[in-house]
Amino acid sequence: MKLNDRFIGSLTILGGILIFSGTFGFREIPGQQYGSEFFPRIISCFLILIGSAQIYYAQSAPLIVLPEWMTRVATLKAAFLLFMILSWIAFAPVLGFFISTFCLVFILTLVGGGKAVTSLIVSAFATTILYFIFGTLLHVPLPFGYIEGMLI
Amino acid sequence: MSVILEALQLVLKPDVLLTILGAAAVGITIGAIPGLTAVMGVALLIPITFFMDPVPAISAIAALAAMAIFAGDIPGALLRIPGTPASAAYVDDAHQMVLNGKPERALALSMASACFGGVLGVILLMIAAPILAKFATNFSSVEYFWLALLGLSCAAIVSASSPLKGLISLLFGLWVASIGIDEVAGQPRFTFGNVELMGGVSFIPAMIGMFAVSVLVRNFSLPHEARATPTIGPIFQGLWTTLKYRWKNLFRGGLFGTVIGALPGAGADIAAWVGYAIAKRQSKESEKFGSGHDEGLIEAGASNNGALSGAWVPTLVFGIPGDSITAIVIGVLYLKGLEPGPIIFVKTPELVYAIFIAFLIANLLLIPLGWLIIRFSRHILRVPQAYIVPIVLSCCIVGSFAINNTLFGVGIMLVFGLVGWIFEENNIPVAPAILGIVLGGALEFNFVTSMLKSDGNLLVFVERPIGLILSLCVVAIWLFPLVKLSKSGKSREALS
Numbered sequence: 001m002k003l004n005d006r007f008i009g010s011l012t013i014l015g016g017i018l019i020f021s022g023t024f025g026f027r028e029i030p031g032q033q034y035g036s037e038f039f040p041r042i043i044s045c046f047l048i049l050i051g052s053a054q055i056y057y058a059q060s061a062p063l064i065v066l067p068e069w070m071t072r073v074a075t076l077k078a079a080f081l082l083f084m085i086l087s088w089i090a091f092a093p094v095l096g097f098f099i100s101t102f103c104l105v106f107i108l109t110l111v112g113g114g115k116a117v118t119s120l121i122v123s124a125f126a127t128t129i130l131y132f133i134f135g136t137l138l139h140v141p142l143p144f145g146y147i148e149g150m151l152i
Numbered sequence: 153m154s155v156i157l158e159a160l161q162l163v164l165k166p167d168v169l170l171t172i173l174g175a176a177a178v179g180i181t182i183g184a185i186p187g188l189t190a191v192m193g194v195a196l197l198i199p200i201t202f203f204m205d206p207v208p209a210i211s212a213i214a215a216l217a218a219m220a221i222f223a224g225d226i227p228g229a230l231l232r233i234p235g236t237p238a239s240a241a242y243v244d245d246a247h248q249m250v251l252n253g254k255p256e257r258a259l260a261l262s263m264a265s266a267c268f269g270g271v272l273g274v275i276l277l278m279i280a281a282p283i284l285a286k287f288a289t290n291f292s293s294v295e296y297f298w299l300a301l302l303g304l305s306c307a308a309i310v311s312a313s314s315p316l317k318g319l320i321s322l323l324f325g326l327w328v329a330s331i332g333i334d335e336v337a338g339q340p341r342f343t344f345g346n347v348e349l350m351g352g353v354s355f356i357p358a359m360i361g362m363f364a365v366s367v368l369v370r371n372f373s374l375p376h377e378a379r380a381t382p383t384i385g386p387i388f389q390g391l392w393t394t395l396k397y398r399w400k401n402l403f404r405g406g407l408f409g410t411v412i413g414a415l416p417g418a419g420a421d422i423a424a425w426v427g428y429a430i431a432k433r434q435s436k437e438s439e440k441f442g443s444g445h446d447e448g449l450i451e452a453g454a455s456n457n458g459a460l461s462g463a464w465v466p467t468l469v470f471g472i473p474g475d476s477i478t479a480i481v482i483g484v485l486y487l488k489g490l491e492p493g494p495i496i497f498v499k500t501p502e503l504v505y506a507i508f509i510a511f512l513i514a515n516l517l518l519i520p521l522g523w524l525i526i527r528f529s530r531h532i533l534r535v536p537q538a539y540i541v542p543i544v545l546s547c548c549i550v551g552s553f554a555i556n557n558t559l560f561g562v563g564i565m566l567v568f569g570l571v572g573w574i575f576e577e578n579n580i581p582v583a584p585a586i587l588g589i590v591l592g593g594a595l596e597f598n599f600v601t602s603m604l605k606s607d608g609n610l611l612v613f614v615e616r617p618i619g620l621i622l623s624l625c626v627v628a629i630w631l632f633p634l635v636k637l638s639k640s641g642k643s644r645e646a647l648s
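These protein sequence lines are chains A and B, in that order. Note that our numbering gives residue 114 to position 114 of the first sequence, counting from 1, and the numbers run on in steps of one. Note that our numbering gives residue 267 to position 115 of the second sequence, counting from 1, and the numbers run on in steps of one.
Wrong hints could be hidden among the right ones.
Said to hold, decoys possible - Some but not every residue of chain B turned toward chain A, in silico, with C-beta under 10 Å: (1) Asp205; (2) Leu316; (3) Phe324; (4) Leu326; (5) Ser330; (6) Arg341; (7) Leu368; (8) Val369; (9) Phe372; (10) Ala538; (11) Tyr539; (12) Leu545; (13) Glu577; (14) Gly592; (15) Phe599.
What the hints assert, rightly or not - Take a look, some chain A residues computed to stay more than 12 Å from chain B by CB distance: (16) Tyr146; (17) Ile147; (18) Gly149; (19) Met150.
Unchecked claim - Ranges between beta-carbon positions, derived for each pair: (20) A:Leu86 x B:Lys436: 55 to 61 Å; (21) B:Glu576 x A:Cys45: 22 to 28 Å; (22) A:Gly25 x B:Pro166: 54 to 60 Å; (23) B:Asn579 x A:His139: 38 to 44 Å.
For the record, the hints were derived by calculation from the structure and aren't laboratory data. Ideal placement from N, C-alpha and C gives every residue a C-beta, glycine not left out.
Bound conformation, chain A alone (with noise of 0.2 Å):
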């Protein structure tokens, strides 16, 4: 997704005076000259100053382009490779590490052109080794699920 200069640069200051004004709340260090708003408040006026630098020496082309590639399926494909995240997220509390770990891997290999089997394969293969090392060699708390329940 390719953005017109100009319109990175105005999201640049949008940014800029977004984070000033987020400052405002920010209490005083007693007797200080410098508190915690300061740093901030220099990011925010650097951004306005390098995003109006953006828009100045911008050259003119429409807002947003979609390359080649995005304007086919492919499209569709990284959208619904970071839905697979999110499905990740919301579902892995429920459903436990191993099979929404399964599910996401298969998936994904099945849209991207792999072979039923194989990913199959692959899928059990990766889900099983990262719970190996992150759940048992390292000891971390992976969502916790029926397959993990039973695995105790």
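Once you've looked at the hints, dock chain B against the given chain A.
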């Protein structure tokens, strides 16, 4: 001497050596897969090193990075797809050698020059770092402020193709670093009432998102193409003769690479391009460059790994990262309760030397592991992205989760993955943002501390000679794009 013996004892333990070997094997595999970079490999390794002692943790990072940078040459040579950005400088020569029917020669030269450059870099690092550290013990918050600003300015202005976009990335990183409770006043900033943000944005999930997830999104979206790879012949045949004949390129590449790597904010990518350019300028056969000639390949290959070692000089001595990988290292050192800087040489010198020794071992491992990966490269390059992307993504998710054992880390990874992807799509470099996140806290702390000590007198920043010199360096770097602009006369192209 006793320090070196202690360091040897720390490194020559079976668990540390196994960790180095394991990390090296992972690094060489990651580097050999097109689309997966050395920084991404290091980012994925961090959640595991989180649970290790400092020596194996840092050794593992050093080993993985050294291997991945070399292994990036393999897809570069065989498929003309540089595995890491550092390999791009000499990809044409390497690929042309393959097309000329000499794939083993291209890969063997890459392997040997990477090993030589890396070893030379470590030796220079071992000599220079303690001397510089002794000098740096006199530094105050003022000098550290300027050093941090110097590193950030180099990364944003000099290294980036567009200085304005480099600065946008840097300012984004600095803002992210300011999220959480302010160290000086205890004021929560930009937390939006979220308790998880009180401690700041967790560095590791953010880094995994920006370096790994953004790459995965792009790789997953691209159509998969079948890859044909050539058969590899005997790897070491004629290698020694060529290296003896090209010894000048080897030494010069390693030396310049180390020096460039030691500049804060520069890195292996820049070193490789500079190495290639120097080789071409000094060569009597410059017209052959780009058509399968070995000089550029050898010199840039040695620069690559030399820079990787050199980047550890500012990292360990001043706490200022030399490149993206050492930015991650600084984060890890802080996580381990170790503060990089001259004090680490005084408090725990054995640890510093242990890191040097581990780095040396990692670079020496390049030959046996390099030989293995070259033999197996044809098979690795055939593995479709359909299987690689989901596996790496699951590693990213679990790694982000494991840092704080919360799903919030995975959310951070997702958000920063999106930001990283948008940055890359718009030629906004990611590295300045990461350096900003790592150094933002130190920059603000040293600035505010200096101001508090001087009762708000700004002259404190230029009163001491080193502070003055560093401030002039920073000003020179900030003026760099303007000078470039006035010379080129094309203001829009130069800045944007």
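Point to revise | Hint validity - Phe324 (chain B) Cβ closer than 10 Å to any chain A Cβ | key: holds, 8 Å
Check your understanding: Does Leu368 (chain B) meet its interface restraint, that is, does its C-beta lie within less than 10 Å of any C-beta in chain A?
Key -> OK, holds: Leu368 (chain B) within 10 Å of chain A, min 7 Å.
Exercise for review: Can you let me know if the beta-carbon spacing of Glu576 (chain B) and Cys45 (chain A) is within 22 to 28 Å?
Suggested key: Given about 27 Å between the Cβ atoms, the range holds.
Check your understanding: Should the hint that Tyr539 (chain B) touches chain A count as held when the rule is a Cβ pair under 10 Å?
Key -> holds, 5 Å
Point to revise | Residue hint Val369 (chain B), partner chain A, criterion CB-CB below 10 Å | key: OK, holds: Val369 (chain B) within 10 Å of chain A, min 5 Å.
Check your understanding: For the hint on Phe599 (chain B), does the least C-beta distance to chain A fall short of 10 Å?
Key -> Holds, about 7 Å.
Point to revise | Restraint outcome when Leu326 (chain B) is required to lie within 10 Å of chain A by C-beta distance | key: holds, 5 Å
Check your understanding: Going by Cβ atoms only, is Leu316 (chain B) closer than 10 Å to chain A?
Key -> holds, 5 Å
Point to revise | Ser330 (chain B) as chain A interface residue, shortest Cβ-Cβ below 10 Å | key: The hint holds - Ser330 (chain B) has a Cβ within 10 Å of chain A, the shortest such distance being about 5 Å.
Review point. Against chain A, is Arg341 (chain B) within 10 Å by beta-carbon distance?
Key: holds, 6 Å
**Study point:** Beta-carbon spacing of Asn579 (chain B) to His139 (chain A) - inside the hinted bounds 38 to 44 Å or not
**Key:** Given about 42 Å between the Cβ atoms, the range holds.
Check your understanding: Quick one, is the Asp205 (chain B) hint okay against chain A at 10 Å, beta carbons?
Key -> Asp205 (chain B) check fails; min Cβ-Cβ to chain A is 13 Å, beyond 10 Å.
The structure does not agree with numbered hint 1 stated previously, though it agrees with all others.
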